[in-house]
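> Based on the hints, put chain B in the right spot on chain A.
Each protein sequence line maps, in turn, to chains A and B.
Start counting the first sequence at 1; every next residue gets the next number (our numbering).
Start counting the second sequence at 292; every next residue gets the next number (our numbering).
One or more of the hints may lead you astray.
Below are the SDA-like pairs computed for lysine to any residue, each with C-alpha atoms no more than 20 angstroms apart in a straight line [stated by the list, open to error]:
no., chain 1, residue 1, chain 2, residue 2
1, A, Lys275, B, Ser418
2, A, Lys129, A, Lys275
3, A, Lys261, B, Gly516
Derived by calculation from the structure, the hints in this document are not laboratory data.
Protein chains: 2
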Amino acid sequence: MQPKRLSVLGVGLLGGSIGLAAKARLTQCRVLGYAHRAETLQSALARGAIDEGYDDPRRAVQNADLVVLCTPVGMLGDLLDQIAPALAPGAIVTDVGSTKRSVVAHGRRAMAGSPARFVGSHPMAGSEKRGVQYAQADLFEGATCVLTPDESTDPDALSAVETFWRELGMTTLRMTPAEHDRRVAEISHLPHALAAALVAMQEGESLSLAGKGFADATRIAAGDGGLWRDIFLDNQDNLRDSLARLRASLDEMLGCLDAEKADQLKAWLDAAAGKREAWGKSTAREGKGRV
Amino acid sequence: MQPKRLSVLGVGLLGGSIGLAAKARLTQCRVLGYAHRAETLQSALARGAIDEGYDDPRRAVQNADLVVLCTPVGMLGDLLDQIAPALAPGAIVTDVGSTKRSVVAHGRRAMAGSPARFVGSHPMAGSEKRGVQYAQADLFEGATCVLTPDESTDPDALSAVETFWRELGMTTLRMTPAEHDRRVAEISHLPHALAAALVAMQEGESLSLAGKGFADATRIAAGDGGLWRDIFLDNQDNLRDSLARLRASLDEMLGCLDAEKADQLKAWLDAAAGKREAWGKSTAREGKGRV
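Next comes chain A alone, as it looks inside the complex (with noise of 0.2 angstroms):
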């Protein structure tokens, strides 16, 4: 899909990144955004991630054949909500929220009384910066997104919005939002949680003799808390769950860490070092796609 008129709701960091992109491949394509502040909306106009600004939702996806939701997980239910009465016949919407189960669900019903098809999408790419002074053309290239169809799912517009996240430089693939929920606590949700942990623990002095490897480590952990609170909470259970098994794992190197034991302990730690290298091959994502 090439959206003629493509409405971004939310001009931050993403937002305005979608806006780039979408302005320097697509032909002929008019973006509309919306942001809750006026001076967000200048900034975005001044850095030419939109053509045309909004301070209400509803007017900002007037006529739009495709409308991506970009605010935080929290807004988004609300945000489904207010722009349903508004979207035009044959509309398409997405979003770009970190979690799938709720949004997925919401736009199903949100979307039951309007003319207008939701698919769910996770665009994997990003950065713990936040602001369109911050968004990037390339932001997506070369980076997955994920589409989280359920049953209810309308195939060509699943279709249409693959094709739109493809234009956009993506790779795309299909899982329930279930299963994305799942795999996004493990590669996503828990390491943030570890790296606040890990910082929130530090005591003394000794964050003076912290180095590179530490500050690698927990840059996510500089991420916004009100985002990721909400990220958290929508899910939980697989963060739980996770970090159990992360706990399991640990435990399994606590009970190697002995001297008698030092064989299996090495075996734990190569064990590692080769699933993180050979991970570190085989993915362009060392340098790209910043999550």
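Here is chain B on its own, set in the frame of chain A:
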């Protein structure tokens, strides 16, 4: 101290970088290198990291005024015993080991019957890479070196070793071996264990969704299992203790992982983010002194 004959025992990433840095920054310093394998010596010579190569550590330390032990932590004790009888009167011996209690105690014992003096050092620089091919003359610039004197450490030798690391561009600080080991457990050894466990627990297709955040958070897990086994075993009491404190911090987060405690959850996440950001701004180590 500006050594005239510097002996580097173990010419991998760290030893090779010390050789390169000494030759770049010190005047008239001849670098003698020891490695077990002939091809390692050849690489170090070819790289210009050492001037002379020996496969016997006792020959590599003859007439050296400063000896730096750069082998893995698990081999430091044996190496100290081997070289002690071959050291020149007045020679100063130090090391780059990641744990300090055991090597400082061993150094004291080994030097007791020798005319040489031991001082424990831990230059907080390095990388998950191995080998002299990754050595860099500027590896130490701007990074911190911890000196770990105990009650038996000769003050002149301590100050000479301190000067040596500063000549290589480092900031130095002093703490007891016990304090050092406690602090590095929480800023280096625990993060390594967490990164390894985070990789180890990944199931099925989850890694195919992982992005830059996961790559950063787990990069340190790609280190050599044998090196880390030795470090973990040598510092196991502190590693266990810091892991217990991390679990307590995670329990605190889990305790407010509930919609009714959303404010507490946000406060926990914001506190960690704020601490991480403050540290990031206070340090040059976001980009330097890779550990």
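> For every hint, state whether the structure bears it out.
Hint check results:
With a C-alpha separation of about 18 angstroms, the suggested pairing of Lys275/A with Ser418/B holds against the 20 angstroms cut-off. Proposed proximity of Lys129/A and Lys275/A is contradicted: the alpha carbons are some 29 angstroms apart, above 20 angstroms. Between Lys261/A and Gly516/B the alpha-carbon distance is near 14 angstroms, which keeps this suggested pair within the 20 angstroms criterion.
In the structure shown, a violation is registered for the earlier hint numbered 2 alone.
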